[in-house]
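Modelling step: build the complete structure from the supplied sequences, incorporating the hints.
Those protein sequence lines, which keep their order, are chains H and S.
Taking UniProt numbering, the leading residue of the first sequence gets 1, the next gets one more, and so forth.
Taking UniProt numbering, the leading residue of the second sequence gets 1, the next gets one more, and so forth.
Simulated from the structure, these hints should not be mistaken for laboratory data.
For clarity, every value in this text was computed on a predicted model and none was experimentally measured.
Any given hint could turn out to be false.
A pair holds if it fits inside one copy or across any two, identical chains being indistinguishable in the list.
Stated by the list, open to error - List time: in silico BS3-like cross-link candidates among lysine-lysine, alpha-carbon distance up to 30 Å:
#1 K284 - K316
#2 K18 - K316
#3 K284 - K322
#4 K18 - K312
#5 K322 - K312
#6 K299 - K316
#7 K322 - K299
#8 K284 - K299
#9 K322 - K18
#10 K299 - K123
#11 K284 - K312
Protein chains: 2
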Amino acid sequence: MSDFITMAHGNGGAAMQKLISDYFVQAFDNPILAQGEDQARLDLRELMETGERLSFSTDSFVIDPIFFPGGNIGKLAVCGTANDVAVCGAIPKYLSCGFILEEGLALSELAQIIRSMAETCRKAGIQVVTGDTKVVQKGAVDKIFINTSGIGVIPSQLDWGMHRIAEGDKIIVSGTLGDHGATILNLRENLGIQTDLCSDCAVLTPLIELLRPIEGVKTVRDATRGGVNAVLHEFAAAARLGIQIEEEALPIRREVRGICELLGLEALNFANEGKLVIVAAAEKVEQILTVLHRHELGKDAAVIGEVTPTRKIYLKGVFGQKRLLDLPTNEPLPRIC
Amino acid sequence: MSDFITMAHGNGGAAMQKLISDYFVQAFDNPILAQGEDQARLDLRELMETGERLSFSTDSFVIDPIFFPGGNIGKLAVCGTANDVAVCGAIPKYLSCGFILEEGLALSELAQIIRSMAETCRKAGIQVVTGDTKVVQKGAVDKIFINTSGIGVIPSQLDWGMHRIAEGDKIIVSGTLGDHGATILNLRENLGIQTDLCSDCAVLTPLIELLRPIEGVKTVRDATRGGVNAVLHEFAAAARLGIQIEEEALPIRREVRGICELLGLEALNFANEGKLVIVAAAEKVEQILTVLHRHELGKDAAVIGEVTPTRKIYLKGVFGQKRLLDLPTNEPLPRIC
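This is the structure in structure tokens:
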């Protein structure tokens, strides 16, 4: 086998079979995948043991560059979909993976990406049970794109969703904002900022597990592309309410602040890959912060604002001045995930 | 909104929200998708009514050109995954869609693609319940790639799979071979063959439903990329048996034969997008052909060979000569699906 992806790796023939068995099946090793059928067969009764509803989500990953401090496109593809499955309170169990590979991609890079996917899955108790590989000629795709779709089960009696947001609810974030976006931007735009900043890319199910027993948790999202700002706009639109954010309360690393100031960008618009935005009843905030702070992934959790009656989203500055937080209309950060 | 996809359509902001609501949510209109959460929530009890196992599959579609006689990349993306979900006997129910769009793609083309996806889903009783949209800069992807992942339920007591293949079983195909591959090749390579040949792209659940009650059906596959040949090799390898195909018995259209002869290619290696390969007990063949022939999608169904003890795959010619059918090692048909 050559050291690079060739068109033959995608033609359904011998080279493709070998790529699948030597790389994918070996790394993701589990009995469902090993059956080698065109679909995974999953036991519904086993799923029903934890709840009565499935959570099903999909995400394609097109990040540039594919390797970055704190992860790579593979780790990101597992975390991103696992988190989308989990934020309704579900336990992510199964993942599908669709790879689109550019002719000429180094097999060593592919192997490294698959290894981190497998490792991230193993740690999170997730199995890759079905997959697909396509190869396109040089120039038809930039190196590698990955789609993952995920399945989990929502525990019975859990009802997290935007329909539960009410006036007076508090907005909590599970940690520092913008780390992923700032890391990629620094790398890609050669800002030359010497920093140990790295992507916050992580599977957030441990935090979801801590939040699940707390009654006052209303709705949870992971703030990825579009940042916390995009999530706040979705919340406000769905609830037909407003939100006020306190600038002073935002947990933002010094290096991220620096990058934002340098480029005139807003950390609230930066992508995160391991941060939750939680809407909760005011009286439960203390309990929520206490459990989050105990966990490494939630140690910087903070209340950043609250739900208001006016249907607008305001950022209140350090000196009390308020300004409207609009959704960005242009594209400051393409291919961030 | 401009007439073309811009980077702003992928940034998580206002333009993306508008694209999603005006194009995707409107076309795929259903209450689960309309909830606008990051994941679809599916009722497990409802799924359990038809069986005890889920069928879960994924496929990415990178076909070039994106429009072709008989379909487009959108219709293909629904048919391809629906069929992968269905060939274990399952009823496909839910689909996720991940779109990767190139900056500059005409919105009218995207709308046409989405319309055929929605129409194909409606006819097949499938709902698109969750999705994702990414936009990459011009040149980072060729126009549009689509990933679909599908969920269906396998009716109780159905056990179709390669583990059931036995010596003496017959190989049946549900219709003419190579139509999709030949159509794309004729179009792309400007072979200039005037023909009304078109892709066989179709959701095959009606045929699966006809096969489900027949005890002697052992395993079923849809023969896509790699053609019937790739499926035969998977069957033989999994069963540790051989297969002998009768060249004379292969249902191949005159135009497809012509294209094969012109290019020195084998129709058995050509992709299909609406053809089943069925392994069945010999005594059930007549019953299977009878039910298939009654349906438009199965009217050209034929027995093409049988499972043999020697672990090789032979093609027996019209004059009785036998030759080994190897898996192709080079790539005659890139981006066929």
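Here is what the structure says about each hint:
1. Taking the closest pair of Cα atoms, K284 and K316 come within 30 Å of each other only inside a single copy of the chain (23 Å); across copies the shortest separation is 74 Å, beyond that limit.
2. Proximity of K18 to K316 under the C-alpha cut-off of 30 Å is restricted to the inter-copy arrangement: shortest distance 27 Å between copies versus 58 Å within a copy.
3. Proximity of K284 to K322 under the C-alpha cut-off of 30 Å is restricted to the intra-copy arrangement: shortest distance 27 Å within a copy versus 76 Å between copies.
4. Taking the shortest Cα distances, K18 and K312 sit within 30 Å of each other only across copies (18 Å), while inside one copy they are farther apart (55 Å).
5. Taking CA atoms no more than 30 Å apart as the test, K322 paired with K312 passes inside one copy only; the shortest distance there is 11 Å, against 76 Å between copies.
6. In this homomeric assembly, K299 and K316 come within 30 Å of each other (Cα to Cα) only inside a single copy, at 24 Å, whereas the closest approach across copies is 69 Å.
7. For a Cα distance limit of 30 Å, the shortest separation of K322 from K299 inside one copy, 28 Å, qualifies, whereas the shortest one across copies, 70 Å, does not.
8. Taking the closest pair of Cα atoms, K284 and K299 come within 30 Å of each other only inside a single copy of the chain (17 Å); across copies the shortest separation is 64 Å, beyond that limit.
9. With identical chains, the CA atoms of K322 and K18 are at most 30 Å apart between copies only, with a shortest distance of 27 Å across copies and 60 Å within one.
10. Taking CA atoms no more than 30 Å apart as the test, K299 paired with K123 passes inside one copy only; the shortest distance there is 20 Å, against 50 Å between copies.
11. When the C-alpha separation of K284 and K312 is checked against a cutoff of 30 Å, the pair qualifies only within one copy, where the shortest distance is 24 Å, while the shortest distance between copies is 67 Å.
Hint compliance for this structure: every hint is met.
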